[in-house]
Each structure stands twice: as structure tokens, then as C-alpha cells.
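Numbering (the UniProt record's numbering), first residue to last: 1 to 324.
Because the hints were derived from the structure by calculation, they are not lab data. All the given hints hold, so there is nothing to weed out.
Here are the simulated lysine-lysine pairs, DSBU-like style, with alpha carbons at most 30 Å apart:
#1 K244 x K202
#2 K118 x K149
#3 K110 x K149
If you anchor each label on the Cβ, the simulated ranges turn out as follows:
#4 N260 x P145: 54 to 62 Å
#5 P162 x N287: 54 to 62 Å
#6 S169 x P249: 40 to 48 Å
#7 Q229 x T86: 43 to 51 Å
#8 D83 x G161: 13 to 21 Å
#9 D235 x T86: 50 to 58 Å
#10 K202 x E143: 55 to 63 Å
#11 H170 x L122: 12 to 20 Å
#12 E143 x S231: 30 to 38 Å
#13 L122 x G228: 41 to 49 Å
#14 S231 x G134: 29 to 37 Å
#15 P145 x Y85: 17 to 25 Å
#16 T180 x Y257: 32 to 40 Å
Don't be surprised by glycine CBs; every beta carbon is placed ideally from N, CA and C.
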Amino acid sequence: MRICLVMKSRLFWIFAIIYSSVHHIGSGSTSTTLKRPRAGDPFDTFPKNFWQEFSSPFTDTPEDEELEVTETTTHEPFPFFADPYTTINISTQLSSNVYLHCRVNDLQGKTVSWMRRKGEDLTLITFGQHTYSGDSRYSLEFEEPNDWKLLIQYANERDEGPYECQVSSHPPLVLLVYLTIIVPHVEILDERGSATPEKYYKAGSTIELQCVISRIPHPSSYITWRHGQRSLNYDTSRGGISVKTDMLPGRALSRLYIANANRQDSGNYTCMLGNEITETVVVHVLNGEEPAAMQHANGTRFMSSPLTMVVFFIVFALVKPFQR
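Using the sequences and the hints, build the whole thing.
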């Protein structure tokens with residue numbers, strides 16, 4: 001189309017020049033100089049650079065050449081999780097408090113929710129900063145600038161499983177957090193390293209018990225010893241009581257010493273980690289009695305007196321002839 005317009009314009013000028021020349025010749029003018037058109041002439045409508053275009057070599061632009069259009073639309077920032085993973089595993093020990101973290105950047109007014117998944121069912125726990133769970137141990141704690149933390153207090157074995165942090169974008173963003181509850185193993189040993197439900201000591205001796213706790217990912221509470229309902233860790237009323245505890249990688253060892261044991265020291269001794277992790281042993285303090293006799297009280301006893309031996313041989317002599 002552009003070629004047609006250019007060709008028409010140039011043909012029009014050629015005819016105009018020829019017409020102007022004939023007009024001056026026909027009017028008897030002796031001048032052959034080509035004059036510029038006067039103001040108001042139809043030539044004023046042509047572009048000012050027409051003479052340059054007319055005298056310059058002819059160039060053409062292909063009709064199928066398309067002008068490149070650059071799109072400059074800007075999209076709003078899309079929410080995304082600050083953690084590089086969409087699945088996170090968290091372990092905590094029984095009866096401890098645990099936080100499930102959900103860090104969201106560029107939230108842009110969207111809402112963050114925590115849900116508990118059980119099979120195909122989802123149970124709403126929190127929506128925004130509001131808690132909808134009937135379990136008071138669950139709560140939402142927001143920490144600036146972007147951490148929507150779910151707090152579970154006194155975690156128990158029923159709390160184990162998958163949790164979902166969801167962002168109400170389109171499509172929704174989902175962060176899966178799998179919580180594992182580790183139940184520590186507790187065992188009480190004597191001074192020889194032997195496990196027994198009952199332990200016997202002579203009056204005046206030293207009671208020594210060891211509490212060994214394994215499978216502890218990160219202890220959140222101290223190990224305490226109790227005699228009945230009385231705490232022994234900081235007991236100064238009796239005197240002679242000592243508790244030494246060592247926290248080792250993945251385990252803990254606590255030793256209880258009670259010097260100059262007496263009858264009042266008999267009873268149940270409990271080693272506790274938190275409120276739910278416990279183990280108990282029964283201690284007997286004897287005055288002049290033989291602990292071994294007490295330990296085998298339920299077993300068969302044989303009297304070792306000489307009269308017993310005489311009776312045994314008489315019975316054996318009478319029974320043997322009948323066996324032939």
C-alpha cells in the first residue's frame with residue numbers, strides 16, 4: 001500500500017511539473033526557471049522532505065514486515081515459602097513443647113492456615129492468627145517478619161503425624177510438616193548396673209541408684225528423683241542426699257546417692273523426665289536382716305539343720321526298696 005501511495009505522489013508531481021512548464025510557455029514567459037509553488041497552491045500539502053525523497057534512490061519496505069511489540073505488563077508478587085523444601089520432618093520428645101514453623105514471603109494479604117491431616121480428612125487448627133481447635137494445647141504464635149508458628153504444648157503420641165500449612169493463593173500453597181514423637185526409654189539400675197524392680201540395703205549403707213534414659217533427641221527438662229511424693233534433687237532436710245546428672249548425646253545418666261540409709265529411706269524411688277517419662281524401683285532398708293533371704297522369700301526354702309538331713313535319709317532308705 002505504501003508503494004502505491006509513493007508512486008501516486010511521484011506521478012502527481014511529474015504531471016504538476018509538466019503542467020507548470022506548459023503553463024509558463026503558453027503565457028509567453030521567457031523564463032524557463034522552475035519556481036517554487038506559491039502559498040495556497042495544492043503543492044503545499046506535500047511533505048517538506050518530498051524533494052529529498054523524490055531525488056533519493058527508491059527504497060521499499062516489504063509489506064509483510066511486522067513491527068515488534070513489547071509487552072510491558074507487570075505481575076504482582078506471588079507468595080512463596082522461605083524454606084526451600086515443601087516437606088519438613090520434625091522430631092520432639094514425649095511431653096515437650098514443639099513449634100511447627102511456616103515462613104511465608106510476599107503474603108500480599110493472603111491468609112495462612114494450619115490443618116491436621118488424618119488419612120483423607122483435614123481438621124482446621126488455625127486460620128490467620130485465630131485458633132479454632134478444641135485442644136487448648138494448640139495455638140498460633142506469629143513471629144516477625146514472616147513466621148506463622150504452630151505451638152503444640154506437652155506433645156503426646158496422639159500428636160504424631162502430618163500437618164499442613166496452607167496459603168490462600170490461587171492455586172493454594174501447601175507446606176507439609178511431619179511430626180514424630182520420640183518416647184524415651186527409662187531404666188533404673190543399681191550400683192552393679194543391674195536392673196531390678198526391688199533393691200535391698202542394710203541400715204547404715206549407701207543407697208546408690210542409676211537412672212539411664214535413652215532416645216532423647218533434645219532434652220527439654222531436667223531429670224528429677226522422687227521418694228514417694230518428695231523431690232530429692234534439692235532436698236536439704238535429711239542431708240546426705242546427692243544427685244548427679246550428665247546429659248550425653250541422645251541419652252542421659254542420673255545418679256542418686258543416699259548416705260547412712262535407715263528405715264525411713266525405704267519406699268518407692270522414681271526417676272522422672274518431665275511428667276510422663278518415669279520409672280520406679282522399690283527400696284528396702286533392713287536392720288540386721290539378710291537381704292538375700294528377703295529376695296528369695298517367695299522361692300522354695302530348704303532347712304539346713306542336722307535333724308532335717310537325718311529325716312531325709314530315713315525317708316530315702318524306706319522308699320528305695322519299693323522302687324525295685
